[in-house]
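Okay, here's what each chain looks like letter by letter:
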Amino acid sequence: MSDFFELERKCKQLKRKKLIKYSSIFLLFIILIGVAIYFITKPQPLKSLHTTKITPKPQPTKPTKPKVIVKIKEKNITKVVVKKVKVFIEKNITKPTPPAPTLSLDINLTKIQKIDNPKQKAKAELKTKKTNTQPIKKQTSILQNETITFNKALTLAKKYYENADYENSIKWCKLASKIDNNDERVWKLYALNLEKTGQKEKAIKLLKTYLKYKNSLELKYLLQRFENEKN
Amino acid sequence: MYENLIKEFEDSLNDEVFETISFNFAKKELEESKNNLRFLIGIPGTGKSFLLTHFYSDTTILSSTLTKEDIDKNLNQELIIIDEAQMLDNSLIEYIRTLADTKKYTFILSMHLREAKKILQKEHFKSRSIDIIELKPITKQEMIQYINVKLLKNNANHLFSKKEFNKIYKYTKGNFRYIKKFVKTLFELLDFAVSNNIQKHSKINSCLITMTAIKLGLENE
Numbered sequence: 091m092s093d094f095f096e097l098e099r100k101c102k103q104l105k106r107k108k109l110i111k112y113s114s115i116f117l118l119f120i121i122l123i124g125v126a127i128y129f130i131t132k133p134q135p136l137k138s139l140h141t142t143k144i145t146p147k148p149q150p151t152k153p154t155k156p157k158v159i160v161k162i163k164e165k166n167i168t169k170v171v172v173k174k175v176k177v178f179i180e181k182n183i184t185k186p187t188p189p190a191p192t193l194s195l196d197i198n199l200t201k202i203q204k205i206d207n208p209k210q211k212a213k214a215e216l217k218t219k220k221t222n223t224q225p226i227k228k229q230t231s232i233l234q235n236e237t238i239t240f241n242k243a244l245t246l247a248k249k250y251y252e253n254a255d256y257e258n259s260i261k262w263c264k265l266a267s268k269i270d271n272n273d274e275r276v277w278k279l280y281a282l283n284l285e286k287t288g289q290k291e292k293a294i295k296l297l298k299t300y301l302k303y304k305n306s307l308e309l310k311y312l313l314q315r316f317e318n319e320k321n
Numbered sequence: 009m010y011e012n013l014i015k016e017f018e019d020s021l022n023d024e025v026f027e028t029i030s031f032n033f034a035k036k037e038l039e040e041s042k043n044n045l046r047f048l049i050g051i052p053g054t055g056k057s058f059l060l061t062h063f064y065s066d067t068t069i070l071s072s073t074l075t076k077e078d079i080d081k082n083l084n085q086e087l088i089i090i091d092e093a094q095m096l097d098n099s100l101i102e103y104i105r106t107l108a109d110t111k112k113y114t115f116i117l118s119m120h121l122r123e124a125k126k127i128l129q130k131e132h133f134k135s136r137s138i139d140i141i142e143l144k145p146i147t148k149q150e151m152i153q154y155i156n157v158k159l160l161k162n163n164a165n166h167l168f169s170k171k172e173f174n175k176i177y178k179y180t181k182g183n184f185r186y187i188k189k190f191v192k193t194l195f196e197l198l199d200f201a202v203s204n205n206i207q208k209h210s211k212i213n214s215c216l217i218t219m220t221a222i223k224l225g226l227e228n229e
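Those sequence lines, one after another, are chains H and A.
Numbering-wise, our numbering puts 201 at position 111 of the first sequence, and it's gapless, one number per residue.
Numbering-wise, our numbering puts 22 at position 14 of the second sequence, and it's gapless, one number per residue.
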């Protein structure tokens, strides 16, 4: 029995090995249970709190040719209008009235859009509010804290025009045009203001520029009247 | 201190018969079989040789190293028993088969289970009616009974607990020879521990059983 102690040592070693084996299995089992419990009892966030990215479904583009052409035309129009109006304003309008804010026509025409939709209009108004708050504040000390909308600017311009304050009316016209430069009422009022301030030629040029790209019977008649009066 | 017990579990063919269910069944089948060719099969250590020596003590049991001449010499008796027959040549097995076919001689061939299966699959055995008697390993209850009977003889009962019996059976798998060897080695270790005053192993414990298993190569280190 000389190997008794050797056998004892081996037995201990074997027991240790078994202990490690079973304890590691037990530990793994506990971890697995823990993980399972965690996933079962994990509070699921409310759906409303989720910031799910809703990718807008790509709307099927109608491959109708005439519509594409119209779009292209509009784009071309915007480019040409921007250039023309810029030149026109630089030469004629902006120079005589240096303190007045630059006519927003030149800025907004770059993004010429048909703002027939009331939602789009509101968006555009908000944009102008953000980008052009400072000049508005300078101009209108009364309405410093009020939000300037297209309609407000237009009514003020009309009121100034009715009160024969043409310079202020022109300012409000420019402001209204920053919000929506497609509205022919602004152009009409602006032209009428120019007429009143004795700048009929400028008014004719302005109307011609507009009528080159947009159709408006009212403005056509006004242009005719101006030209007739000139002659 | 445990010398008597060590001797009690020594492996010997002159041991007292411990009749298990499988043992009795095999014995009965061997006696009642009318076939001239009988196969006693089983895994090593189940007690095939023990069964043959005890129940056919008046018959010469031939070993595996026999030749044709050795068989011829024993043709004067009707029953010829060959132990460890798995070692025989194919020609010798064929010779035994032809002798058995004469119906004059009865052969009992004792062989290991694995080899027997191979031999019995051969064409000439497949086509013949032969008796195959399998000696199965003993059950756990039989093992406990066997050990307890031996312990009682030496007034040393209650040395093992149920847990220890389970462990012994797990290692020995009901192999009779292994059981005897295992318990003998276990008592040797216990005897050493007691005589050397190793308090830790003064009684049979799981460590002593594991040590025995390691010593007999039944446990991987």
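Read the hints as simulated data drawn from the structure, not as lab findings.
Possibly wrong hints are sitting among the right ones.
Said to hold, decoys possible - Subject to a maximum C-alpha distance of 27 Å in a straight line, what follows is the list of computed DSS-like cross-link-like pairs (lysine-lysine):
1. A:134 / H:102
2. H:100 / A:144
3. H:108 / A:35
4. A:42 / A:15
5. A:175 / H:100
6. A:111 / H:105
7. A:42 / H:102
8. A:178 / H:108
9. H:111 / A:170
10. A:36 / H:105
11. A:125 / H:100
12. H:107 / A:125
13. H:111 / A:178
14. A:175 / H:107
15. H:108 / A:181
16. H:102 / A:130
17. H:107 / A:170
18. A:175 / H:102
19. H:100 / A:170
20. A:161 / H:105
21. A:130 / H:100
22. A:211 / H:100
23. A:76 / H:107
24. H:102 / A:208
25. H:108 / A:36
26. H:111 / A:111
27. H:100 / A:126
28. A:112 / H:108
29. A:126 / H:102
30. A:192 / H:111
31. H:105 / A:192
32. H:105 / A:42
33. H:107 / A:208
34. H:105 / A:170
35. H:100 / A:35
36. A:76 / H:105
37. A:175 / H:111
38. A:170 / H:102
39. H:295 / A:178
40. A:208 / H:108
Only a predicted model underlies this, so the values are computations on that prediction, with no experimental measurement involved.
Each hint, compared with the structure:
1. Simply put, residue 134 of chain A and residue 102 of chain H have alpha-carbon atoms about 52 Å apart, too far for the 27 Å limit, and the pair is violated.
2. Of the supplied pair hints, the one linking residue 100 of chain H and residue 144 of chain A is violated, its CA atoms being roughly 33 Å apart against a limit of 27 Å.
3. Between residue 108 of chain H and residue 35 of chain A the CA atoms are separated by roughly 43 Å; this puts the pair beyond 27 Å, and the hint is violated.
4. Between residue 42 of chain A and residue 15 of chain A the alpha-carbon distance is near 40 Å, which puts this suggested pair outside the 27 Å criterion.
5. Of the supplied pair hints, the one linking residue 175 of chain A and residue 100 of chain H holds, its CA atoms being roughly 18 Å apart against a limit of 27 Å.
6. Proximity of residue 111 of chain A to residue 105 of chain H is assessed by CA-CA distance (about 60 Å); at most 27 Å being required, the pair is judged violated.
7. Proposed proximity of residue 42 of chain A and residue 102 of chain H is contradicted: the alpha carbons are some 56 Å apart, above 27 Å.
8. Distance hint between residue 178 of chain A and residue 108 of chain H is fulfilled; the C-alpha atoms sit about 16 Å from each other, no more than 27 Å.
9. At most 27 Å may separate the alpha-carbon atoms for a hinted pair to count; residue 111 of chain H and residue 170 of chain A meet this at roughly 25 Å.
10. Annotation: proposed proximity of residue 36 of chain A to residue 105 of chain H is violated, straight-line Cα distance about 45 Å (limit 27 Å).
11. As the CA atoms of residue 125 of chain A and residue 100 of chain H are separated by approximately 38 Å, the hinted pair breaks the 27 Å bound.
12. Pair hint residue 107 of chain H plus residue 125 of chain A does not hold up; C-alpha atoms about 39 Å apart against a cutoff of 27 Å.
13. Restraint check for residue 111 of chain H and residue 178 of chain A: satisfied, since their Cα atoms lie roughly 20 Å apart, inside the 27 Å limit.
14. For the hint pairing residue 175 of chain A with residue 107 of chain H, the CA-to-CA distance comes to about 18 Å; that is within 27 Å, so the pair holds.
15. Distance check on the hinted pair: residue 108 of chain H and residue 181 of chain A sit about 21 Å apart at the alpha-carbon level, within 27 Å; holds.
16. The hinted pair formed by residue 102 of chain H and residue 130 of chain A fails the criterion: a straight-line CA distance of about 50 Å is larger than 27 Å.
17. A C-alpha spacing of about 25 Å is found between residue 107 of chain H and residue 170 of chain A, which places the hinted pair at or below 27 Å, so the restraint holds.
18. With a C-alpha separation of about 17 Å, the suggested pairing of residue 175 of chain A with residue 102 of chain H holds against the 27 Å cut-off.
19. In summary, the hint linking residue 100 of chain H to residue 170 of chain A is supported, as the alpha carbons are separated by about 24 Å, within the 27 Å threshold.
20. For a cut-off of 27 Å, the pair hint linking residue 161 of chain A to residue 105 of chain H is broken: about 34 Å separates their Cα positions.
21. Between residue 130 of chain A and residue 100 of chain H the CA atoms are separated by roughly 47 Å; this puts the pair beyond 27 Å, and the hint is violated.
22. Distance check on the hinted pair: residue 211 of chain A and residue 100 of chain H sit about 19 Å apart at the alpha-carbon level, within 27 Å; holds.
23. The suggested pairing of residue 76 of chain A with residue 107 of chain H is violated, with an alpha-carbon distance near 55 Å, which exceeds 27 Å.
24. Taking the CA atoms of residue 102 of chain H and residue 208 of chain A, the gap is near 13 Å; set against the 27 Å cutoff, the hint holds.
25. The straight-line distance between the Cα atoms of residue 108 of chain H and residue 36 of chain A is roughly 45 Å, outside the 27 Å bound, and the hint therefore fails.
26. Our distance criterion of 27 Å between C-alpha atoms is broken by residue 111 of chain H and residue 111 of chain A, whose separation comes to about 61 Å.
27. Taken as a hint, the residue 100 of chain H and residue 126 of chain A pair is broken in the structure, with Cα atoms around 39 Å apart against an allowance of 27 Å.
28. For the suggested pair residue 112 of chain A and residue 108 of chain H, the alpha carbons sit about 60 Å apart, so the restraint of at most 27 Å is broken.
29. Of the pairs offered as hints, the one joining residue 126 of chain A and residue 102 of chain H is violated, with about 43 Å between alpha carbons and a cut-off of 27 Å exceeded.
30. Taking the CA atoms of residue 192 of chain A and residue 111 of chain H, the gap is near 31 Å; set against the 27 Å cutoff, the hint is violated.
31. With a C-alpha separation of about 23 Å, the suggested pairing of residue 105 of chain H with residue 192 of chain A holds against the 27 Å cut-off.
32. Among the hinted pairs, residue 105 of chain H with residue 42 of chain A is inconsistent with the structure: their alpha-carbon atoms are about 54 Å apart, more than 27 Å.
33. Distance check on the hinted pair: residue 107 of chain H and residue 208 of chain A sit about 21 Å apart at the alpha-carbon level, within 27 Å; holds.
34. Between residue 105 of chain H and residue 170 of chain A the CA atoms are separated by roughly 20 Å; this keeps the pair inside 27 Å, and the hint holds.
35. A distance of roughly 42 Å separates the Cα atoms of residue 100 of chain H and residue 35 of chain A; the hinted pair therefore is violated under the 27 Å criterion.
36. About 54 Å separates the Cα atoms of residue 76 of chain A and residue 105 of chain H, which puts this hinted pair outside 27 Å; it is violated.
37. Between residue 175 of chain A and residue 111 of chain H the CA atoms are separated by roughly 19 Å; this keeps the pair inside 27 Å, and the hint holds.
38. Note on residue 170 of chain A and residue 102 of chain H: the hinted pairing holds, with a Cα-Cα distance of about 22 Å set against a maximum of 27 Å.
39. Annotation: proposed proximity of residue 295 of chain H to residue 178 of chain A is violated, straight-line Cα distance about 111 Å (limit 27 Å).
40. Proposed proximity of residue 208 of chain A and residue 108 of chain H is supported: the alpha carbons are some 20 Å apart, at most 27 Å.
Hint compliance for this structure: hints 1, 2, 3, 4, 6, 7, 10, 11, 12, 16, 20, 21, 23, 25, 26, 27, 28, 29, 30, 32, 35, 36, 39 are not met, and every other hint is.
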